[in-house]
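Which chain is which? The protein sequence lines are A and B, in order.
According to numbering that gives the first Met the number 0, the first sequence is numbered sequentially starting from 0.
According to numbering that gives the first Met the number 0, the second sequence is numbered sequentially starting from 0.
Among the hints, a few may not be true.
Identical copies carry no separate label here, and so any pair may be met within one copy or between two of them.
Each computed DSS-like pair below joins lysine-lysine, with the alpha-carbon atoms no more than 27 Å apart [unchecked claim]:
no.	residue 1	residue 2
1	Lys143	Lys35
2	Lys250	Lys47
3	Lys236	Lys141
4	Lys236	Lys259
5	Lys250	Lys236
Source of the hints: derived by calculation from the structure; they are not laboratory data.
Single-letter residue listing:
There are 2 protein chains.
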Amino acid sequence: MYAIVADEPFKLSEGNKFYKKDFEKPELNDKDVFVKVKSIGMNPVDTKTRQTEIKHPPRILGYDAVGVVEDVGSEVTSYKKGDVVFYSGRADVDGSNATHQVMHEAYIAHAPKNVSLNEAAGFPLTSLTASETLFEVFNISKNKEDNKGKSILIINGAGGVGSMATQIAKHYGLTVITTASKDETKEWSKSLGADIVLNHKNDLRDEFKSHNIENVDYVFCTFDTDLYYEVMIDLVKPRGHIATIVAFTEKQDLNLLKAKSITFTHEFMFTRALQDLDDQYQYHRYLSEISHLINEGVYKPTVTEVMKGLSVDNIFKAHEKLENHEVHGKLVIEVEE
Amino acid sequence: MYAIVADEPFKLSEGNKFYKKDFEKPELNDKDVFVKVKSIGMNPVDTKTRQTEIKHPPRILGYDAVGVVEDVGSEVTSYKKGDVVFYSGRADVDGSNATHQVMHEAYIAHAPKNVSLNEAAGFPLTSLTASETLFEVFNISKNKEDNKGKSILIINGAGGVGSMATQIAKHYGLTVITTASKDETKEWSKSLGADIVLNHKNDLRDEFKSHNIENVDYVFCTFDTDLYYEVMIDLVKPRGHIATIVAFTEKQDLNLLKAKSITFTHEFMFTRALQDLDDQYQYHRYLSEISHLINEGVYKPTVTEVMKGLSVDNIFKAHEKLENHEVHGKLVIEVEE
Numbered sequence: 000m001y002a003i004v005a006d007e008p009f010k011l012s013e014g015n016k017f018y019k020k021d022f023e024k025p026e027l028n029d030k031d032v033f034v035k036v037k038s039i040g041m042n043p044v045d046t047k048t049r050q051t052e053i054k055h056p057p058r059i060l061g062y063d064a065v066g067v068v069e070d071v072g073s074e075v076t077s078y079k080k081g082d083v084v085f086y087s088g089r090a091d092v093d094g095s096n097a098t099h100q101v102m103h104e105a106y107i108a109h110a111p112k113n114v115s116l117n118e119a120a121g122f123p124l125t126s127l128t129a130s131e132t133l134f135e136v137f138n139i140s141k142n143k144e145d146n147k148g149k150s151i152l153i154i155n156g157a158g159g160v161g162s163m164a165t166q167i168a169k170h171y172g173l174t175v176i177t178t179a180s181k182d183e184t185k186e187w188s189k190s191l192g193a194d195i196v197l198n199h200k201n202d203l204r205d206e207f208k209s210h211n212i213e214n215v216d217y218v219f220c221t222f223d224t225d226l227y228y229e230v231m232i233d234l235v236k237p238r239g240h241i242a243t244i245v246a247f248t249e250k251q252d253l254n255l256l257k258a259k260s261i262t263f264t265h266e267f268m269f270t271r272a273l274q275d276l277d278d279q280y281q282y283h284r285y286l287s288e289i290s291h292l293i294n295e296g297v298y299k300p301t302v303t304e305v306m307k308g309l310s311v312d313n314i315f316k317a318h319e320k321l322e323n324h325e326v327h328g329k330l331v332i333e334v335e336e
Numbered sequence: 000m001y002a003i004v005a006d007e008p009f010k011l012s013e014g015n016k017f018y019k020k021d022f023e024k025p026e027l028n029d030k031d032v033f034v035k036v037k038s039i040g041m042n043p044v045d046t047k048t049r050q051t052e053i054k055h056p057p058r059i060l061g062y063d064a065v066g067v068v069e070d071v072g073s074e075v076t077s078y079k080k081g082d083v084v085f086y087s088g089r090a091d092v093d094g095s096n097a098t099h100q101v102m103h104e105a106y107i108a109h110a111p112k113n114v115s116l117n118e119a120a121g122f123p124l125t126s127l128t129a130s131e132t133l134f135e136v137f138n139i140s141k142n143k144e145d146n147k148g149k150s151i152l153i154i155n156g157a158g159g160v161g162s163m164a165t166q167i168a169k170h171y172g173l174t175v176i177t178t179a180s181k182d183e184t185k186e187w188s189k190s191l192g193a194d195i196v197l198n199h200k201n202d203l204r205d206e207f208k209s210h211n212i213e214n215v216d217y218v219f220c221t222f223d224t225d226l227y228y229e230v231m232i233d234l235v236k237p238r239g240h241i242a243t244i245v246a247f248t249e250k251q252d253l254n255l256l257k258a259k260s261i262t263f264t265h266e267f268m269f270t271r272a273l274q275d276l277d278d279q280y281q282y283h284r285y286l287s288e289i290s291h292l293i294n295e296g297v298y299k300p301t302v303t304e305v306m307k308g309l310s311v312d313n314i315f316k317a318h319e320k321l322e323n324h325e326v327h328g329k330l331v332i333e334v335e336e
């Protein structure tokens, strides 16, 4: 068993500092599940984390996996050897860029059965992020009737998180407005359920006008929050709610929120790991629901590209593609070990 | 009938630019109520608005009143001549620094009967602001059982809004932590229901430690948001919610919200006037509930000082007291006309 690791943070322009490292099967704690990883999803958070300080090198990145259970801790009752599971994991433990991974059962659910392993690997992080934002941040009802007439603007609707947020928001009855610019990504976003796809090459205020949209209840930003900060404030309703998953590069004027009593949330999916353990089983609950709705045919896979083989080269190439914004939907790597 | 008005924005250091102006009874629209004002409440928003541009001079400030109905528009059925009503009003119409005022019925409720008129005048703006923040921003349940174990930190608990927020949060079952510094204001805050009063002369992080408080679910800032921005972020729980009613003087780093997925709202009570008319009756509903709970003896008056007579001098003096932070609870002016 091996992982792709790095000993220090680096920029891609410095060359490929990832390397392959063998490891032994670790001891399992009572609630741990030991997984033979079959496919991993790649996310922008990989590229951001790669450039942050490493406290205990080497570091294994990777926040999406599907795999087969090989062993379980003494208190695990929900999973047994041979089960296929999927998970995102947490930011502060060894990641999924590996042939095998240990994960606490709170973070895991049974993978959907009617999609391929590669397709399943594309779901966890984006689904968890979108679910938290919609149901906990925006407090959207799970009763579709309650959401009738409510609308959400998803900035960068064709991205990984945007693709899942679109599907979930649509399923729960919201009017979904997304942004994209290329024909390919516009079509993609529509195919996932977007009612209206705006062109984010134009000022979104003008796009709203030309589509006769006055304002929206919710804005979910998955791309360049600084660029969209004032636009989002202009487009959300009085007492509306804006959330972002993209860190700012500059300070902002919070007084702009005042006239309309706007609420702003900086959503971060790994926050829950700071909370008590009971609460961390919420990851399991979300993933179980997602898995169920994939099996029901409600949510479609968002994977658009599969790389074959967990290698130093492929991990580096995947980071390049993400940093160059070459990916819509999700890029996954099939482990092939 | 007369009002205290000004023709231009001014600072107190420029001298008293308020003057008395007589006016005639205006035409009433269908849903308007014409009120003989008996007592007015003074608020920090008066001092802030005094310094803003006047589009159509002269301007009548004043955002709290209790008075007796003298006449009603043709479609008003809930109020009749002789009814005692109270209201805050809205920011964009003539205010309550006057012997008579026209107000749309959506903004009005019957005043409580078991407190004096001066005491009743202290409630509307602070109650509405506190109610919106607790029930709409923080989404606090009206079922006390749901709030068991939940906690709120109210910064400047002895201020006007802080005094009402304390009473309402306590009534609905939250653990209420406030801040104050003088013995008098500490006692005041305790008398309104604060479970713990911290000394805001000290770093609130240290105050939390010395009272064995780990963190709180909600933080409501009613004083100097810039000063408390980072402290509030440190003291709120992961996925917690911070609200302020005090504008910032500087830009802030919104990335500080990320690690704990914190939600931030800039609450502004007059925002609702931007929304559709149906929604504006929410002011009426809040005030009716407040009036009911005052009559039930649940909420105590927060008035600590009464000035006698609606005069140019008294309005100016009241602005001075507010700007010098000499008031805890509420200052009201009895109209005496």
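Checked hints:
1. For the homomeric pair Lys143 and Lys35, neither the shortest alpha-carbon distance inside one copy (38 Å) nor that between copies (48 Å) is at most 27 Å.
2. Proximity of Lys250 and Lys47 under a CA criterion of 27 Å is satisfied in both settings, with 19 Å inside one chain copy and 25 Å between copies.
3. Taking identical chains as interchangeable, the C-alpha atoms of Lys236 and Lys141 lie at most 27 Å apart whether they share a chain (21 Å) or sit on different chains (25 Å).
4. In this assembly of identical chains, Lys236 and Lys259 lie within 27 Å of each other by CA distance both inside one copy and across copies; the values are 7 Å within and 25 Å between.
5. Taking the closest pair of Cα atoms, Lys250 and Lys236 come within 27 Å of each other both inside a single copy (23 Å) and across two copies (23 Å).
Against the hints set out earlier in the document, a violation occurs for number 1 only.
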